[in-house]
Amino acid sequence: MAVSDVSTLNRSISMLIESTEEMSNKNESTQSLEIEQPVQKHSAFDCFQLIEQQFSPDSEFDETLGIEGLDEVTVVTIGGEEIIIKRQPDEATQAASEIPFNTIFKTPEKFKQKQRKLYLPNTEINVEITDFDRNVTYHLLNPNLYTITLKHGQFTWQIKRRYADFQKLHTQLMVFKASLNIPFPTKAHKQLRESFRMTKLNQTTLSDDQIRNATTLDVNDVTNKDAKDDKKKKKKGALPRFPNKPDALVPFESIPGRMKQLEDFLKNLLAISIYRQHPETVEFLEVSPLSFISALGGKGKEGALKKRSGSTRPSQRGCDCFGCCSNDCCFRLNQFCSTGVCSRWRNCWFFVKDTFFGYIRQKDGVVRGVGLFDQGFDVSQGVYSTGMRNGIQLYTHSRFVMLKGSTRRSTKEWLDYIKHVASNQASQFVTANPHNSFAPVRTGISAGWFVDGASYMSCVADALEKAQEEIYIADWWLSPEIYMKRPAIDGFYWRLDKILLRKAKQGVKIFVLLYKELEVALGINSFYSKQRLTALHENIRVLRHPDHARAGVFFWAHHEKLVVIDQTYAFVGGIDLCYGRWDDHMHRLTDLGSISTPLQNPISMLIKGAQNIFTKVPGSMDTVDSSTPIPNKRVIKVEDPEDAFMKQVADLKPGHKPNTPEMERRNRLSAVKDKVKTKGRDFMNLLSLNESEIPVENEKNKPDACRNLHFNDDEMKEAACGGMEDPSNNYTDPMIETLTGQAKLWIGKDYCNFIYKDFINLELPHDDFVDRTQTPRMPWHDIATVVVGSSARDVARHFIQRWNAVKLEKARDNLSYPYLMPRTYQEIKVDPNFISIPLHRVSCQVLRSSSSWSAGFLDPEYVEQSIHEAYIDTITKAQHYIYIENQFFISMERGNLYVKNGIVERLYERIMRAVKENKVFRVFVVMPLLPGFEGDVGGTSGNAVRVITHWNYSSINRGQYSLISRLITAGVEDPFQYISFHSLRTHSVLNGSPITELIYVHSKLLICDDKTIICGSANINDRSLIGKRDSEVAVIIQDESFEEGRMNGETFPSGLYAGRLRRFLFREHLGILEPKPKSHNIDINDPISDQFYNGIWRRTSNRNTRIFDEVFKCIPTNNTQSFAQLKAYLEEDPLCKTDVKAAEERIKQIEGYLVDLPLEFLKNEVLTPPATSKEGMMPNVLWV
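When we follow UniProt numbering, the leftmost residue of the sequence shown carries the number 1, and every step to the right adds one.
None of these hints come from the bench; they were simulated from the model. A couple of the hints might just be wrong.
What the hints assert, rightly or not - Taking lysine to aspartate or glutamate and the EDC-like style, the derived pairs with C-alpha atoms no more than 16 angstroms apart in a straight line are:
{"hint": "1", "residue 1": "K160", "residue 2": "E286"}
{"hint": "2", "residue 1": "K744", "residue 2": "D591"}
{"hint": "3", "residue 1": "K112", "residue 2": "D364"}
{"hint": "4", "residue 1": "K757", "residue 2": "D767"}
{"hint": "5", "residue 1": "K112", "residue 2": "E286"}
{"hint": "6", "residue 1": "K1137", "residue 2": "E1165"}
{"hint": "7", "residue 1": "K267", "residue 2": "E128"}
{"hint": "8", "residue 1": "K877", "residue 2": "D831"}
{"hint": "9", "residue 1": "K363", "residue 2": "E109"}
{"hint": "10", "residue 1": "K419", "residue 2": "D378"}
{"hint": "11", "residue 1": "K106", "residue 2": "D364"}
{"hint": "12", "residue 1": "K505", "residue 2": "D547"}
{"hint": "13", "residue 1": "K1113", "residue 2": "D1139"}
{"hint": "14", "residue 1": "K466", "residue 2": "D831"}
{"hint": "15", "residue 1": "K114", "residue 2": "D416"}
{"hint": "16", "residue 1": "K530", "residue 2": "E517"}
{"hint": "17", "residue 1": "K919", "residue 2": "E1050"}
{"hint": "18", "residue 1": "K1113", "residue 2": "D1090"}
{"hint": "19", "residue 1": "K829", "residue 2": "E98"}
{"hint": "20", "residue 1": "K919", "residue 2": "D1090"}
{"hint": "21", "residue 1": "K151", "residue 2": "D264"}
{"hint": "22", "residue 1": "K160", "residue 2": "E128"}
{"hint": "23", "residue 1": "K1148", "residue 2": "E1110"}
{"hint": "24", "residue 1": "K757", "residue 2": "D771"}
{"hint": "25", "residue 1": "K1137", "residue 2": "D1109"}
{"hint": "26", "residue 1": "K160", "residue 2": "E124"}
{"hint": "27", "residue 1": "K1127", "residue 2": "E1165"}
{"hint": "28", "residue 1": "K160", "residue 2": "E517"}
{"hint": "29", "residue 1": "K106", "residue 2": "E517"}
{"hint": "30", "residue 1": "K117", "residue 2": "D133"}
{"hint": "31", "residue 1": "K112", "residue 2": "E283"}
{"hint": "32", "residue 1": "K744", "residue 2": "D768"}
{"hint": "33", "residue 1": "K160", "residue 2": "D547"}
Claimed, not checked - Here are the simulated distance ranges between beta carbons:
{"hint": "34", "residue 1": "Q826", "residue 2": "A248", "range": "39 to 49 angstroms"}
{"hint": "35", "residue 1": "Q1121", "residue 2": "I968", "range": "36 to 46 angstroms"}
{"hint": "36", "residue 1": "I837", "residue 2": "E763", "range": "33 to 43 angstroms"}
{"hint": "37", "residue 1": "E1074", "residue 2": "G507", "range": "26 to 36 angstroms"}
{"hint": "38", "residue 1": "E763", "residue 2": "E124", "range": "20 to 30 angstroms"}
{"hint": "39", "residue 1": "R1106", "residue 2": "E538", "range": "12 to 22 angstroms"}
{"hint": "40", "residue 1": "A304", "residue 2": "N424", "range": "16 to 26 angstroms"}
Glycine included, every Cβ here is placed at the ideal spot set by N, Cα and C.
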């Protein structure tokens, strides 16, 4: 030992003696506990002797750390002093088998805090020194490097340590032990410790404040409840005996014996709780709060490193010589500035897990950064890369981290381990994937689909209710007061904010990402949504993005729609959890009926509905699942005036109490009515109606659920055999049709027609902004999917990347907004009953459109457009048909100056290939009749509507770059034999008069050959597809299970997932979801045969279009090719006004919802906005 080391040690011992004597004097003067017999304490001389023993040449082993019974005690802090008490295992802790995932969200603890709860409960740590490396050239005093293998439960890891590391640990623990006020185990002390924190505390002299401030620092610090348990004899643990002889004095042939000595020392040391939990031991073992959370994967590698500031923000790196170093003008100057003079290095605890890495600030235990392995991964070491011999440079698309190890050896170990993880566990994210996606193709995935919002929201509500630890939600727009299950016969139980509040109270962490809109352009009021949600509970965290001015993003949006439950179940599609999206296959134009049923008193029905808020209503799909625990209505906690109202109504009974005063009984109902005046019209109308005033629904008011077509005999037989998807999973409860009164499905703002009027005053969710008696609602058609298992983990990984990027940008130092971590992909536990719809076995890949502004990529030029590439690849490989449902169709020939995506180019090439090969190939396109913008398409307020219409038609059939024009130019006589464009429209009765409205197609779906689908949030335009603009998420799903199908009369395997989804959509659009007698048969199994394509699909669409135009004078229409014709057309009275009976007869001939897209509408007019208008001042990229 060097002279300097000896002097340092002597100074440390002197300081220890002084502090120990001072502590001893203090303990003698202050009697904190009444003890019958005097207590032995360590004197300063005893402490000196204990420490001196390890340097005594007369002793081979140091047994200072051993005290009989030390493995049965733990440390507590009372009055600022650490003392030892007897410990007993907690029964709850004994039952626990692993550390739950939500432990990562608990309040962090600083690394120097003693007795942190880090290990698996009641699980020992097995230690084995498996190897050594001897080098006397560079390590004369500590030549042996020992490889230690540790196993703790299911976790196994290795560390490498020298004798000096063991010696340092031993010395630190001796100092820790000597500094404790350790009473020897006398009888009085044993009795006192047994009664600690129990009813016998009044026998001590501890004050109430001291008892309240007592903090147990061990997870097993629970006193014995049964005195008999103390009498059980435990096997005496071996004492930790540290070998005093340095490695330099141990000959080579004695190394196996030395390995055994150190191994026994470590084993015995870890058997003692207060030593195992000590910070020095924890650091020696490379353990942290994230080490033994099985949901994060294996133990990984951890340790203390130094990190240079500015891993993501270059401005944090310090001086760069006025920009010279950032331009790498001089390598030596750059390295000198960045790593020497101007750099700032901070201690951190770095960790590497299966698919991610991160670092923790040791002084407070806060996770300060999380990075995901991705295709931009690179790691390097050395002077040229880092400017240091022991530096590491770690780079991903979203993170740049510069680390510095203590030695070159440890740095090399880190480098090797990071490369090992990247090439093994994380290889699926580091290597290139199909379509250049961030996620690989997953096989054996369970997946299901949803048509329209009713079934989707109902299933999402059930999934939210079953969430155990985490909920992720990302939406373009989110309305907290949206009802997820309808009708609202369970009161507010299934309202979104109430569901989230219940789960937050149960400890589930909820993270929501919302698009932060430009308020001057959109009225979705994301600020209100955030304030409403975050005010509910501290476990609900909401971030809005982007900050437009700071990010420089004014035109683009976060357009994805995601719900992820416990990173295991993911919902992806085009449906936001907001107003106007809930709909079913009926696509009603009016809200008929309320929560009352015919011939029943509405007051009693309201009371019954309120009393059943938390009970299951027989026969209703929109009630709570029997397996879901539902709180008793008598213990409802009032959260807002609505809940107060429902609680008050729930307390009403048909008969009043005998002791109720007359005036109270008389005014009770009026008091309830006063409370509900401003809370929507539903309850007010119910309270106001008499039984005789209940409107009875007649045949005219009922929507046409059955549209003249039905299943043929073969289809019915096939369905009975399980060969056809049961559409009942996407139906709304039939009980809806028996309910009458006022609004029962769309409450307040949810009843909307946004082409007629855009949303206003969203902070008043229950106030109508559209007159229900005069204006029909606009039906909403949409598609979504659910994936389970590893693909859901991929969706969650995308959300985590976005959340962490926004947190780094907007809430870097806000500890209430934590960094998120992805779960492991190993042994994913899936509940087969979690999703309530049929699931199919498929292969799945998660796709996205992401760039620097949306996903936090460091390189502003890096873009992922895997959705676009998947569309291109699928269209190119299509064999028989392509079916597309999309909100837009904006794509042009390659080389045009406006639109860059290649959808139309690939469709053109695929159709031309079919023409040259003389083969049948069909393309079905279903899109909305008009874009979803407020305004009159023929008036001054319709600039936004017309400009989108212009780009749609320019892509389809107008101009030299359009698809139809190019096909005709190429010699295709009838392009519509290969591709057809359609929309959806429906009709109903309002105030006794027939009405019609378009069904807004919001789907983002492609189906190919009954075996491949692409479904997500991406529209067919540049905004969604080229990656640099809107952020989007989608999935490409390919069937792994098939049934017999037909293509152009020949047998063809039809996927259970894609084929059944396509047939369901065809049935819905053609009006044959429900059988109806006296109708002709229809076969939808062969989508490309001439009999179906021309005889059914196009014929039905054309016939419906003609009838709608004749009866209602619909807009848009091919009958108006100029503004003058449009004006004259609108001045003509439609048949529904001149001859209602004739109109009703013609309406009966409408089959389903399918109509033609009017390709000749306003073809003689320029639809681009005037240059002086606000729409005209916007760049073209905003619209395409």
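query = Quick one: are Q826 and A248 within 39 to 49 angstroms, going by C-beta?
reply = Roughly 44 angstroms apart at Cβ, these two residues keep to the hinted range, so it holds.
ask   = Given a hinted range of 16 to 26 angstroms, is it respected by the beta-carbon distance of A304 and N424?
value = 25 angstroms, holds
Whether the CB-CB distance between E1074 and G507 falls inside 26 to 36 angstroms = 44 angstroms, violated
inquiry  = So if I understand the rule, the pair passes when the alpha-carbon distance is 16 angstroms or less; does K757 with D767 pass?
reply    = Since the Cα atoms of K757 and D767 sit roughly 14 angstroms apart, the hinted pair holds (cutoff 16 angstroms).
ask   = Does D547 lie within 16 angstroms of K505 when you go C-alpha to C-alpha?
value = Measuring from Cα to Cα gives roughly 31 angstroms; hence the hint is violated.
message = Given the hinted pair K877 and D831, is their Cα-Cα distance within 16 angstroms?
response = 35 angstroms, violated
query = Has the given pair, K160 with E128, been kept, meaning a C-alpha gap of at most 16 angstroms?
reply = Roughly 12 angstroms between the alpha carbons, so the hint for K160 and E128 holds.
request  = Mind checking the alpha carbons of K829 and E98 for me, to see if they're no more than 16 angstroms apart?
outcome  = 14 angstroms, holds
task = Confirm or reject the claim that R1106 and E538 have a C-beta distance inside 12 to 22 angstroms.
result = 59 angstroms, violated
Straight-line alpha-carbon gap K919 to D1090, limit 16 angstroms = Status holds; Cα separation ~12 angstroms.
ask   = Are Q1121 and I968 spaced within 36 to 46 angstroms by their CB atoms?
value = Given range 36 to 46 angstroms: violated, Cβ gap about 19 angstroms.
message = Can you confirm whether the C-alpha distance between K1113 and D1090 stays at or below 16 angstroms?
response = 31 angstroms, violated
Comparing the model with each numbered hint stated earlier shows that hints 6, 8, 12, 15, 18, 26, 28, 29, 30, 33, 35, 37, 38 and 39 do not hold.
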